[in-house]
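Asks: Here's the letter readout for the chains.
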Amino acid sequence: MREGLTDDALLVGRLRAGDARAFEELVTTYQHRVFAVALRMLSNRAEAEEVAQETFLRAHRALAEFRGEARLGTWLYAIASRLCLNRLAAGSRRHERSDDLALSRAPAEGADAVGALERDELEAALHEAVAALPEERRIVVILRDLEGLSYEEIGEVLGVPLNTVRTRLHRARLDLKAKLERWLP
Amino acid sequence: MAAVTCQAIRDLFSARVDDALTAQERTQLDAHLATCAECALEWQRFEGTVGLLRAAAPTRAPVGFVDRVLAARPQPWYRRLARGALVPWPVKLPLDAAAIVLIAGLAIMIFQHSPELQQAARAPQAVPTSTPSGSKQPGPATPPAAYAPAPPVPPSATAPVSPTPPVARRDGAVSDEAKERAAQPTLTELRREPMGKLDGGRPVESPRAAESRAKKAEAPEGGARQNAEQDLRAAAPPAAPPAVAATPEKSGEVQRLSSFRVDVQARLAVSDREAAERAVRDLVGRAGGRVLARTDEGSTTVLILAVPRDRWEDVRGGLQALGPLQLEGRGDDAARQLVFTLRLAR
Numbered sequence: 010m011r012e013g014l015t016d017d018a019l020l021v022g023r024l025r026a027g028d029a030r031a032f033e034e035l036v037t038t039y040q041h042r043v044f045a046v047a048l049r050m051l052s053n054r055a056e057a058e059e060v061a062q063e064t065f066l067r068a069h070r071a072l073a074e075f076r077g078e079a080r081l082g083t084w085l086y087a088i089a090s091r092l093c094l095n096r097l098a099a100g101s102r103r104h105e106r107s108d109d110l111a112l113s114r115a116p117a118e119g120a121d122a123v124g125a126l127e128r129d130e131l132e133a134a135l136h137e138a139v140a141a142l143p144e145e146r147r148i149v150v151i152l153r154d155l156e157g158l159s160y161e162e163i164g165e166v167l168g169v170p171l172n173t174v175r176t177r178l179h180r181a182r183l184d185l186k187a188k189l190e191r192w193l194p
Numbered sequence: 194m195a196a197v198t199c200q201a202i203r204d205l206f207s208a209r210v211d212d213a214l215t216a217q218e219r220t221q222l223d224a225h226l227a228t229c230a231e232c233a234l235e236w237q238r239f240e241g242t243v244g245l246l247r248a249a250a251p252t253r254a255p256v257g258f259v260d261r262v263l264a265a266r267p268q269p270w271y272r273r274l275a276r277g278a279l280v281p282w283p284v285k286l287p288l289d290a291a292a293i294v295l296i297a298g299l300a301i302m303i304f305q306h307s308p309e310l311q312q313a314a315r316a317p318q319a320v321p322t323s324t325p326s327g328s329k330q331p332g333p334a335t336p337p338a339a340y341a342p343a344p345p346v347p348p349s350a351t352a353p354v355s356p357t358p359p360v361a362r363r364d365g366a367v368s369d370e371a372k373e374r375a376a377q378p379t380l381t382e383l384r385r386e387p388m389g390k391l392d393g394g395r396p397v398e399s400p401r402a403a404e405s406r407a408k409k410a411e412a413p414e415g416g417a418r419q420n421a422e423q424d425l426r427a428a429a430p431p432a433a434p435p436a437v438a439a440t441p442e443k444s445g446e447v448q449r450l451s452s453f454r455v456d457v458q459a460r461l462a463v464s465d466r467e468a469a470e471r472a473v474r475d476l477v478g479r480a481g482g483r484v485l486a487r488t489d490e491g492s493t494t495v496l497i498l499a500v501p502r503d504r505w506e507d508v509r510g511g512l513q514a515l516g517p518l519q520l521e522g523r524g525d526d527a528a529r530q531l532v533f534t535l536r537l538a539r
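Here the protein sequences line up with chains A and B, keeping their order. Taking this note's numbering, the leading residue of the first sequence gets 10, the next gets one more, and so forth. Taking this note's numbering, the leading residue of the second sequence gets 194, the next gets one more, and so forth.
Here chain A stands alone, though its shape is the one from the complex:
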C-alpha cells in the first residue's frame, strides 16, 4: 500500500462529508488493485469485475463504520478478499474458470515477438500455478507477492495471526516453486 495514512484520512474525511468527487477518487485509485485480487482469486474477468464493483459499493455503504485505524486500501482488500472467499466457498459460481489472461495482450512483432510469447507463456503458467493453490494459501501469496502487503496487513485483512500468514505464505511459495520449475534458472 503506497498511500499514506494522511492521504487516507483526508480521503475518508471527504467521503464522510459527502464529497461526490471523493468516492470517484477512491474507486479510481484502488480499482486496479481490488480488481487484480478478485481476478487472481476467481480467474474470471466477469466475476472479478462483479466482486470489485461490489467491494466499492459495500465500502460506500459501510463508510461510517470505517474507523481509520487501518489503511483505506487494506480495508478494501479485506472486503474484496472476503467476497472472493465467500464466493468460492459457496460453490455457486456461474463462471467456472478460467480466462486466459495472456490472450488479452496485443501480439508483438519481430524479435520481441519471441520474448513476448515467452512472457505470455510465463504469465499463463503463473496464473495457472496460483489458481491451483488452495484458496487460503492463494489469497496470502496474492496479497504478499502480487499486491505487496506486509505480514501484518495480511493478517489484518484475513483476520488471522502472523504465524498463520507466514506458514500459509511459505507453503504457497513452495507449491509455486514446484509448478514453475521450467521457468526457474
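These are calculated hints, taken from the structure and not from any lab test. Hints are supplied without guarantee of correctness; some may be wrong.
Unchecked claim - Covered stretches of chain B, as calculated for chain A (at least 3 residues, CB under 8 Å): (1) 201-207; (2) 226-240; (3) 250-260.
As the list claims (entries may be wrong) - Straight-line C-alpha distance at most 20 Å; calculated SDA-like pairs for lysine to any residue: (4) A:K186 to B:L234; (5) A:K188 to B:A300; (6) A:K186 to B:A249; (7) A:K186 to B:E506; (8) A:K188 to B:A248; (9) A:K188 to B:Q237; (10) A:K188 to B:E235; (11) A:K186 to B:L288; (12) A:K186 to B:R253; (13) A:K186 to B:A230; (14) A:K188 to B:R203; (15) A:K186 to A:D121; (16) A:K186 to B:R529; (17) A:K186 to B:V484; (18) A:K186 to B:G257; (19) A:K186 to B:R479; (20) A:K188 to A:E137; (21) A:K186 to B:P517; (22) A:K186 to B:D204; (23) A:K186 to B:D289; (24) A:K186 to B:R247.
By construction, the Cβ of each residue, glycine as well, lies at the ideal position given by its N, Cα and C atoms.
Given the structure of chain A, go ahead and fit chain B onto it with the hints provided.
Replies: Then chain B, alone, in the frame of chain A:
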C-alpha cells in the same frame, strides 16, 4: 551455535525473501547455504519463484469500471428524496391537474346526459304523483311546490269515513287492502273525466291532460279536495270494475255512475234543469258537501252528491224548496256523510 537441519533452514526461505529474519536466523541461514549445495540450489529456486511472482505484469481493471461503479452507487438520501419528492413536482403537478380536469369533465358529461341526475339536483324533494295511490302512502314525500299546500293525510284518513261504509266492509269479507285496490280505479276515474264535465261541459280531454289540469284546479281547494277523494273511496264498491275514463257514451256514463254506492235516491222535478243544477251545487256547497259526478241521461241530469250526515236535513229541505222531491232510501245514520243520487228532470 547448534547445527541446524536442512529442513529447518529451508523453512526460513520465505522469511528470508521478505527480509523478515532476525540477525541470528540470517546468520544461521547464510552459514548453512555456504556449506550445503543442495539447500543453496533450493534457495535459488525459491528466490526465483518469488521473483517470478513479483515480476508478473500488473492487472488492470477493465475500461469503464469506474463509471459503472459510480452509476451503481446508491444516491444519498437527500438526493433520493429530491428525486422522489421535489424534482418530479414539475411533472407531477400538471399530471394531477390534468387528471382533475378529466374527472370533472367526465362528471359534467355524465350529469348532462342523465336526466335523472338533473331532476334530482333541481328538486330532490319532489314526490312522484303519477300513481293514484300515492296519497295513501304516509312516506316522507312532500308535495311539489306546484301543488297547493294540502295538509298531510294521516294514514287513518285513508280509511272509509262515510256514514255508510262500503259494502265490502259491511260484509266483513274484504280486507282493507282489497278496499284500497277497489277504490283506486274510481279515484283515478274521477280525477280525469268528471272534472272536465263538471267544469262547464268541456270536451273530454285526454287522461294525461285532464289529470294535469285537475291537479292545477284542485290546488286552491286544498284539504277539501282531499276530503272528496276520501269520500269517493268510501262510496266506491270494492269490486267496481275500472271505468273507461274517456268514454263519451252515455251508457258508459250511466254504468260508471251506477257503480257508486249511494245511500239515497232522489228525484227532483224542475222546470229549468240548468238553474236547478246551479242551485243544487250551491246548496250542497253551503252544506259542506261535494258533487262527486255528473252526467246527462236524455232529459235528466244526474248528480251524485255527498254531504255531511248532520247537514242532510238542511240539504233535503233546500231541495224540496226547489221543487217536488222524491226520496228513496235512508243510509246509515251512524255514518258521517251521506251519498245520494239526484235526478233533475221536468
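Asks: Verify the proposed pairing of A:K188 with B:Q237, using a straight-line Cα cut of 20 Å.
Replies: Distance of about 15 Å is within 20 Å: holds.
Asks: If you draw a straight line from the CA of A:K186 to the CA of B:L234, is it 20 Å or shorter?
Replies: holds, 12 Å
Asks: A:K186 and B:L288 were given as a pair; does the straight-line alpha-carbon distance stay at or below 20 Å?
Replies: violated, 71 Å
Asks: Going straight from one Cα to the other, do A:K186 and B:R247 come out at no more than 20 Å?
Replies: holds, 13 Å
Asks: Measure nothing beyond the straight line between the CA atoms of A:K186 and B:E506; if it is 20 Å or shorter, mark the hint as holding.
Replies: Status violated; Cα separation ~147 Å.
Asks: Are the Cα positions of A:K188 and A:E137 separated by 20 Å at most?
Replies: holds, 9 Å
Asks: Per the coverage rule (Cβ-Cβ under 8 Å, at least three residues), is the region 250-260 of chain B covered by chain A?
Replies: With 8 residues in contact (Cβ-Cβ under 8 Å with chain A), the coverage given for the region 250-260 of chain B holds.
Asks: Given the hinted pair A:K186 and B:A249, is their alpha-carbon gap at most 20 Å?
Replies: Holds. A:K186 to B:A249 sits at ~15 Å (cutoff 20 Å).
Asks: Hinted pair, alpha-carbon criterion (20 Å max): A:K188, B:A248. Please report holds or violated.
Replies: Satisfied, since the Cα-Cα distance of roughly 17 Å is no more than 20 Å.
Asks: Starting from A:K186, check that the Cα of B:P517 is at most 20 Å away, please.
Replies: Outside the cut-off at roughly 155 Å; violated.
Asks: What's the verdict on A:K186 and B:A230, does the C-alpha distance respect the 20 Å limit or exceed it?
Replies: holds, 18 Å
Asks: Need the status of pair A:K186, B:V484: alpha-carbon distance at most 20 Å?
Replies: violated, 135 Å
When held up to the earlier numbered hints, the structure conflicts with 5, 7, 11, 12, 15, 16, 17, 18, 19, 21 and 23 and fits the remainder.
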